[in-house]
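Student: Just need the whole structure built from these sequences, with the hints factored in.
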Amino acid sequence: MTAPKTLYDKIWDAHVAHRDDDGTCLLYIDRHLVHEVTSPQAFEGLRMSGRKVHSPDKTIAVPDHNVPTTLDRVEGEVENEESRVQLEALDKNARDFGVHYYPVNDVRQGVVHIVGPEQGWTLPGMTVVCGDSHTATHGAFGSLAHGIGTSEVEHVLATQTLIQRKSKNMKVEITGKLMPGVTPKDVTMAVIAHTGTAGGTGHVIEYCGQVIRDMSMEGRMTVCNMAIEGGARAGLIAPDETTYKYVKGRPHAPKGDEWDMALAWWKTLYTDEDAHFDKVLVLKGEDIAPTVTWGTSPEDALPITATVPHPSDFKGGKVDAATRSLEYMGLEAGMKLTDIQIDTVFIGSCTNGRIEDFRAAAEILRGKKIKPGMRAMVVPGSGLVRLQAEAEGLDKVFLDAGFEWRLAGCSMCLAMNPDKLEPGERSASTSNRNFEGRQGRESRTHLVSPAMAAAAAITGHLTDVRDMI
Amino acid sequence: MDKFNKLTGIAAPMPLVNIDTDMIIPKLFLKTIKRSGLGKNLFDEMRYNEDGSENPEFVLNKPAYRDTAILVAGDNFGCGSSREHAPWAIKDFGITCVISTSFADIFFSNCFKNGILPIILPQEQVDLLMKDAEKGANARMAVDLEAQEITTSDGDVIKFNVDSFKKQCLLEGLDDIGLTMKKSDSISKFETMSAANRPWV
Chain S
1 MTAPKTLYDK
11 IWDAHVAHRD
21 DDGTCLLYID
31 RHLVHEVTSP
41 QAFEGLRMSG
51 RKVHSPDKTI
61 AVPDHNVPTT
71 LDRVEGEVEN
81 EESRVQLEAL
91 DKNARDFGVH
101 YYPVNDVRQG
111 VVHIVGPEQG
121 WTLPGMTVVC
131 GDSHTATHGA
141 FGSLAHGIGT
151 SEVEHVLATQ
161 TLIQRKSKNM
171 KVEITGKLMP
181 GVTPKDVTMA
191 VIAHTGTAGG
201 TGHVIEYCGQ
211 VIRDMSMEGR
221 MTVCNMAIEG
231 GARAGLIAPD
241 ETTYKYVKGR
251 PHAPKGDEWD
261 MALAWWKTLY
271 TDEDAHFDKV
281 LVLKGEDIAP
291 TVTWGTSPED
301 ALPITATVPH
311 PSDFKGGKVD
321 AATRSLEYMG
331 LEAGMKLTDI
341 QIDTVFIGSC
351 TNGRIEDFRA
361 AAEILRGKKI
371 KPGMRAMVVP
381 GSGLVRLQAE
391 AEGLDKVFLD
401 AGFEWRLAGC
411 SMCLAMNPDK
421 LEPGERSAST
431 SNRNFEGRQG
441 RESRTHLVSP
451 AMAAAAAITG
461 HLTDVRDMI
Chain A
1001 MDKFNKLTGI
1011 AAPMPLVNID
1021 TDMIIPKLFL
1031 KTIKRSGLGK
1041 NLFDEMRYNE
1051 DGSENPEFVL
1061 NKPAYRDTAI
1071 LVAGDNFGCG
1081 SSREHAPWAI
1091 KDFGITCVIS
1101 TSFADIFFSN
1111 CFKNGILPII
1121 LPQEQVDLLM
1131 KDAEKGANAR
1141 MAVDLEAQEI
1151 TTSDGDVIKF
1161 NVDSFKKQCL
1171 LEGLDDIGLT
1181 MKKSDSISKF
1191 ETMSAANRPW
1201 V
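Protein chains in written order, with our numbering: chain S, 1 to 469; chain A, 1001 to 1201.
Keep in mind that a hint or two might mislead.
Simulated restraints, written as ranges between beta carbons of each label pair [stated by the list, open to error]:
id	chain 1	residue 1	chain 2	residue 2	range
1	S	335	A	1055	21 to 31 Å
2	A	1157	S	106	53 to 63 Å
3	A	1178	S	96	19 to 29 Å
4	S	320	A	1049	16 to 26 Å
5	A	1067	S	20	34 to 44 Å
6	S	106	A	1156	54 to 64 Å
7	A	1049	S	210	49 to 59 Å
8	S	268	A	1195	13 to 23 Å
9	S	363	A	1048	38 to 48 Å
10	A	1048	S	313	24 to 34 Å
11	S	423	A	1178	42 to 52 Å
Here are some of the chain S residues that sit facing chain A, going by a computed Cβ distance under 7 Å [unchecked claim]:
id	residue
12	133
13	150
14	197
15	201
16	233
17	258
Only pairs whose alpha carbons sit at most 27 Å apart, straight line, appear in this in silico DSS-like list of lysine-lysine [said to hold, decoys possible]:
id	chain 1	residue 1	chain 2	residue 2
18	A	1182	S	52
19	S	166	A	1167
20	S	315	A	1131
21	S	92	S	58
22	A	1159	A	1003
23	A	1166	S	166
24	S	166	A	1003
25	S	5	S	279
26	A	1183	S	52
27	A	1189	S	255
28	S	267	A	1189
29	S	420	S	368
30	S	420	A	1034
31	A	1166	A	1003
32	S	58	A	1034
33	A	1040	A	1062
34	A	1166	S	168
Calculated directly from the structure, the hints in this document are not laboratory data.
Positions of the beta carbon are idealized from the N, C-alpha and C atoms, including for glycine.
Tutor: Quick look at the structure:
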């Protein structure tokens, strides 16, 4: 009898193209997603060495980080010269090397991690990489997906493989069920609050338990998206009926006999009983509250009912880090999180830019207005998410409440495009990182769920959304 | 790729934990389509004031540390984004060795692709090196990859571990892609098998 395997073990084993005696492997890559920021130097490297893209049919390019999200972007030129050069480089590289490509004016364009699953490129049991740490998102399908650097982008372009050593296995189980007002974003932030941002380093996390089983694909993508914020390169969720239903009929999903063949294999992709995990974390779904961050690291997350901690609550290097965070964020230890006033609300990103996120936010906003003076924007994760939301009338809810309704892109998640915070401005943001300067120099970010972002937009301060439902 | 064998130089202390890649190189500078020239923007938001002048308090701006070659850093260095611009900026500044208790996975592997040696050591040894680095320009630290040893300015020797394959690549400046292409038979074989077993891929 063979030893019991984890889901990660199974996908890994199915993709080893070569193994050296010292354990270094060549891992075969099924899908390579490419965006404009981390790829130009890789394509340039191919040109310099006279190499071709090994599998253009497995390579998918889409611009997202730099693109403006204002409605006039189709007519207008991208004003920032460097952004324009980078977008033009992707356009040229995609066409020269013949890879699949969704340009800015294609309705399917959007954030790479939303476009991949939406178009059926991401499928269970695959290996998926992208020069972007939030590639972890695709793990929601039971695919081994992680971010890589530009040198590795070039390596995958040239060989369709990566030089890898196997990571360790970590299990994160969320039992029971979530209480009203608590969302997948709160789950993933609560996990990071427990593990710390380095807790998953060197590991692949498998998320499991009843709460995960009950989640939609959109919710599972939100959970896996932030695996990297817990230090894990990849997050995984075993595929099930929810996964198959989401995948079936997507443009690049298998059809006919191939679908049956794929499904038969996908159904073997689960962790065997008694398989070994190097680390285990179990949380009760009922114990998770709407969660917000107070500091400048995603591990600085607390239930909305809590108060801002004091540096002396911490140990070791975290004491200085917390002191620095409080100063940067302009907060006093001991103040209630709900007393933190905000001036900007951003709903979007690869974490929370999908249709379900917009439904949750619209639910809170319906018939209400945002606080006067509040700057609030909703940025769909793709052109198709935008169309779907409009078909459901969600755009009207947002516009009536006082939100801007934008075109697809990474937008204010990382301030590489015109959407950013000015020094000292403070946001409630559905994105994934609250690092110093992340949303603009001296910007202050509080990470929240879409429902919590909507609540904060109405009241003007961080708010427990459970008081509004 | 640039080789790394032996290095003797100034080590700078950066004890802050969780130094993320946004701190190392803010997104403003990711718009380049080149790998070079990022050194002047390394740690940009900590290193420069809003008017562009240098922040004299920041370690790399202090006279003793302007020629830093080794960084001794707090836990979880390089967390966050996968941007290889972070090691490009570090290298372009002139730093080719970073020492910490832990590194984020993607940053760690990006370093090796750029001739930078990241070294993981236990807390007490990092504390010792941090103290040594605090001595400034007179205290030069030595790193020997072949022997897997760090020698402090006081002559203390600390051994470190490194993956054997990655060590070889650094010592010889090997090109990963070239190495992998030598195994193209294995890749072709895998693709033939995969086309039969998983034709939908």
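Student: Against this structure, judge whether each hint is valid.
Tutor: These are the hints, each one checked on the structure:
{"no.": "1", "hint": "335/S <-> 1055/A: 21 to 31 Å", "result": "holds (28 Å)"}
{"no.": "2", "hint": "1157/A <-> 106/S: 53 to 63 Å", "result": "holds (59 Å)"}
{"no.": "3", "hint": "1178/A <-> 96/S: 19 to 29 Å", "result": "holds (22 Å)"}
{"no.": "4", "hint": "320/S <-> 1049/A: 16 to 26 Å", "result": "holds (21 Å)"}
{"no.": "5", "hint": "1067/A <-> 20/S: 34 to 44 Å", "result": "holds (38 Å)"}
{"no.": "6", "hint": "106/S <-> 1156/A: 54 to 64 Å", "result": "holds (60 Å)"}
{"no.": "7", "hint": "1049/A <-> 210/S: 49 to 59 Å", "result": "holds (52 Å)"}
{"no.": "8", "hint": "268/S <-> 1195/A: 13 to 23 Å", "result": "holds (19 Å)"}
{"no.": "9", "hint": "363/S <-> 1048/A: 38 to 48 Å", "result": "holds (44 Å)"}
{"no.": "10", "hint": "1048/A <-> 313/S: 24 to 34 Å", "result": "holds (32 Å)"}
{"no.": "11", "hint": "423/S <-> 1178/A: 42 to 52 Å", "result": "holds (46 Å)"}
{"no.": "12", "hint": "133", "result": "holds (4 Å)"}
{"no.": "13", "hint": "150", "result": "holds (4 Å)"}
{"no.": "14", "hint": "197", "result": "holds (5 Å)"}
{"no.": "15", "hint": "201", "result": "holds (6 Å)"}
{"no.": "16", "hint": "233", "result": "holds (5 Å)"}
{"no.": "17", "hint": "258", "result": "holds (5 Å)"}
{"no.": "18", "hint": "1182/A <-> 52/S", "result": "holds (16 Å)"}
{"no.": "19", "hint": "166/S <-> 1167/A", "result": "holds (18 Å)"}
{"no.": "20", "hint": "315/S <-> 1131/A", "result": "holds (19 Å)"}
{"no.": "21", "hint": "92/S <-> 58/S", "result": "holds (18 Å)"}
{"no.": "22", "hint": "1159/A <-> 1003/A", "result": "holds (20 Å)"}
{"no.": "23", "hint": "1166/A <-> 166/S", "result": "holds (15 Å)"}
{"no.": "24", "hint": "166/S <-> 1003/A", "result": "holds (26 Å)"}
{"no.": "25", "hint": "5/S <-> 279/S", "result": "holds (15 Å)"}
{"no.": "26", "hint": "1183/A <-> 52/S", "result": "holds (16 Å)"}
{"no.": "27", "hint": "1189/A <-> 255/S", "result": "holds (25 Å)"}
{"no.": "28", "hint": "267/S <-> 1189/A", "result": "holds (25 Å)"}
{"no.": "29", "hint": "420/S <-> 368/S", "result": "holds (25 Å)"}
{"no.": "30", "hint": "420/S <-> 1034/A", "result": "holds (24 Å)"}
{"no.": "31", "hint": "1166/A <-> 1003/A", "result": "holds (11 Å)"}
{"no.": "32", "hint": "58/S <-> 1034/A", "result": "holds (25 Å)"}
{"no.": "33", "hint": "1040/A <-> 1062/A", "result": "holds (15 Å)"}
{"no.": "34", "hint": "1166/A <-> 168/S", "result": "holds (19 Å)"}
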